[in-house]
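Chains as they are written, first to last, in this note's numbering: chain B, 1 to 323; chain Z, 1001 to 1399; chain U, 2001 to 2249.
Think of the hints as simulated: they come from the structure by calculation, not from any bench. These numbers come from a predicted model, not from an experiment.
Cut-off 30 Å, straight-line C-alpha distance, at most; resulting in silico cross-link-like pairs (DSS-like, lysine-lysine):
1) Z:K1124 / U:K2189
2) U:K2002 / U:K2178
3) U:K2178 / U:K2016
4) B:K289 / U:K2016
5) B:K280 / U:K2178
6) Z:K1310 / U:K2032
7) U:K2189 / Z:K1135
8) Z:K1124 / U:K2196
9) B:K289 / U:K2247
10) U:K2178 / B:K211
11) U:K2189 / U:K2050
12) U:K2189 / Z:K1056
13) Z:K1124 / U:K2195
14) U:K2178 / B:K295
15) U:K2002 / B:K181
16) B:K280 / U:K2247
17) B:K295 / U:K2016
18) U:K2247 / B:K318
19) B:K211 / Z:K1056
20) Z:K1310 / U:K2016
21) U:K2002 / U:K2196
22) Z:K1056 / Z:K1218
23) B:K211 / B:K295
24) U:K2016 / B:K280
25) B:K295 / U:K2247
26) U:K2196 / Z:K1135
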Amino acid sequence: MSPILCVLEQRDGTLRRVSHEVVAAGRQVADGMNTTVDAVVFGQGNIEGLEALGASGADRVLVASHHAFHRYSPEGQTATLAGLAPSYSTVLFAATATGKDLAPRVAARLNTSCATEVTDIVVEDGRVVVTRPVYAGRAIQRVRLTASPAVLSIRPNTFPVSHTERPGTAEPIPVPDFTAKVEVVEVKEPAGGALDVGEAAIVVSGGRGLKGPENFSLIEDLADALGQAAVGASRAVVDAGWRDHSAQVGQTGKTVSPGLYVAVGISGAIQHLAGMRTAKVIVAINRDKDAPIFKVADYGIVGDLFEVVPRLTAEVRKLRAEG
Amino acid sequence: MSSPAANSRFTGVDFYDADRLLSEEERAIRDTVRTWVDDNLMPIIGDCYIEGRFPKELIGGMAELGFFGANLPEEYGCAGLNNVAYGLIMQELERGDSGVRSFASVQGALVMYPIFAFGSEEQKQQWLPRLASGKEIGCFGLTEPDFGSNPGGLVTTARQSDAGWVLNGTKMWITNGSQATVAIVWAKVGDVNDPTSIRGFIVPTTTPGFTAKDQKGKLSLRASDTSELHLQDVLVPSDAILPNSSGIKSPLMCLTQARYGIAWGAIGAAMACYDEALRYAVNRVMFDRPIGQTQIQQVRLADMLTEITKAQLLTLQLGRLKDDHLLTPQQVSLAKRNNVNMATDCAREARRLLGANGILAEYHSMRHMANLESVYTYEGTHDMHSLILGEKITGLSAF
Amino acid sequence: MKIAVCLKRVPDTTAKIVIAGDGVSIDPAGVKFVPNPYDEYAIEEAIARKAAAGEGETVVITLGTDASQETIRSALAMGIDRGVLLQTSDHPDPAAVASLLAEELALGEFDLILMGKMAVDDSQHQVGPQVAEQLGMACITAVAHLDIEGGTITAEREIEGAVEVVRCGLPAVITCDKGLNTPRLPALKGIMAAKKKPLDIKPVTAGQGSFEVLSLTLPPDRPPGRIVGEGPDAVPELVRLLRTEAKAI
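The whole structure should be built from the sequences, with the hints applied where relevant.
This is the structure we're talking about:
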């Protein structure tokens, strides 16, 4: 059986964490097909973290170097992958902003569709069958991919990363000639480099119950205490201009799947739930015990968030300090 | 409990699939106004009501979308819609607030309509596009301190002089009065006891001698300007008269237009109250179950839904009759009387279902309940419409 | 400027999902269908850009059954000049959709092709780039800010904690994200005018595709949770449970 190709991402010369998840997913497919996993990464110069890919499941790491690849380069990366892909049975991407841009271009070159934002993959009779959410998470679709290679992108924070003692080899591969039609001219980082809600292991979200933008400091403090936590927001507070749209969790914002989601002062409208209901653990803090959020929360506290949240922050800090 | 409307949009009430009886355009028009109300009016109406303030910042948006005089012809800058669509606009505005719908009723049915129906071509060209676009705001000066249900008895006079017409009199309970740039004033050009001598006049409110003052202390229609108008030797040019106006029947024709829209509007208010009560009932838990699972609240909701459904089908037929030019004023009386009355019941029952929360402005039913008392009273009180119907049915006047 | 907008008819995001008898699709009974919200940013952008340029033409193209005519008319009501319905009752996969759209788009010599970054029903996020590849055009996805100056596009898109500034020339395919603009409500006059605007209906058949939908199911219910307590005094217990039971911190 042809091997599996996993397309990785790096930013500023460091491999992004989601890359390991793609490899882990690829490993799952490879084991089902009794074949091997190649990972490909695009960059310019040295890329940190490639050695760890063997442990995540990659047999080979292919490095495509080009001066245009220090940033996302759609035409160059599409051309490279279009040349590689026919040798593989399955091509996996991460459903990140970049992956969602690149995967369909590659699929188009292969005259096939990409299955986007897959949450599970199995191999049945040598074919890839994926599970993916549709209708804003209100239904689950199982799809058999009949093209060869099959192309798919995985939802971040969903496939567990394993650690094996498998060595991986890294080798350079040539990049075909290409004409860039699209150029990334700049990447603007926000001040403080805040963690993105779509990637963080923990998300603490604030809603209208916070009453004003200045009170988001309560959320930020809790996120800081929890560590590795991003600050999210309900649609109401984004529409009110208290937080940026990039923080919005919900149907018209981001769908997040963190290990822990803390909803503070959020009533739990269907549109918000659609964006976070797949979090592993949900905690709700709200003064209204009939708020719909409590129906999806694993744990809830009914009370004044202005009292509960600072106390929670303090208790979490205490716990962390105790180690 | 946080207000259920906070994150949710109104999706209407349609138990008998009345949507199938509407055209695609009528549904699209209704949906546009519904969305506009959710986006622009609902977030501020509670505060406006408490502050006693009409949200005039919304006039421009309403005008741009074509809400004013929507059933008047396109050649005058209007949307040229049929009467069912016009009714749906009123329904959706009043789902938001009766005071805001009153603004649109006055502007369209009581200012633009009389100019359209009784005005000269010059008057139509001069005023209608500007009223449609909200550049001019109008009010309808008919009611007087001593002449409410009996408008034919009004005593405002218009006397001809070399320079034009001189108007003297006082009007009361005039919606939009204090913010109007133009008033349609009804006055008697002949004997003050002769209702056939009533004529309409276009009076710019900057004319010397014209003053408008808000009536204070209202407990209803608080998000609306209700004013007294004083005309002290107000001189308007000879061509200010609406040349085709003739007697009390002219302002009554305007009232029929407005009452038609109000019959639709009342359904909107009733739907808002029913919708709020229903959402509350299924979420509010007492004695370990939602109150919507108790018999008393289910009877309330069933009664409200029944009345709303009846009113919807009745009023849709009224609109189709109007579009076929078969409408009679008494048919409008029946609908206005029925719909406003049932809406007051819906609002009150919804208020009661909401319990203590129902007295807060954060919820809408009590505001609708208070507003609907004005709607019950104006444009022909409930009782007056009973007599209009009684006279029509029996041929005998009990006035 | 000639601008095309691709628009999809989708179930309203508040609609209750009921699985149809075939086990692979939703039951449309009682479901309200609306224009894909992300495509509405595209419609607004097209209308605004044509108005700013003072000249040009805007076209909306939809793939679907006759029911999609109403969806097209909602775009015409907002201000798009004319519409095209690629009429089919097939349910093609994204590559097949892109093929049919590309074939129609190729006829128009468009400067700009706009559509939402994804449809809220299947969330596939790919028709835009697939169309661009088939037409050999530049493409930028998930754009939240767009500048067009002298034939050059400068766009901004969000990439997990940062903003990418991207440049390309015309012609281009741009897929739209929330934040790009605020879609206008159609003026009531516009709603009436929509039925007078040209709407061409072209029957098409979709190719086989490479997706075989095996099943559509409702997500499993989360097990019921519990209220740990009231007020700040419940916090220590919550922290304990998160640590020992949920192992979340």
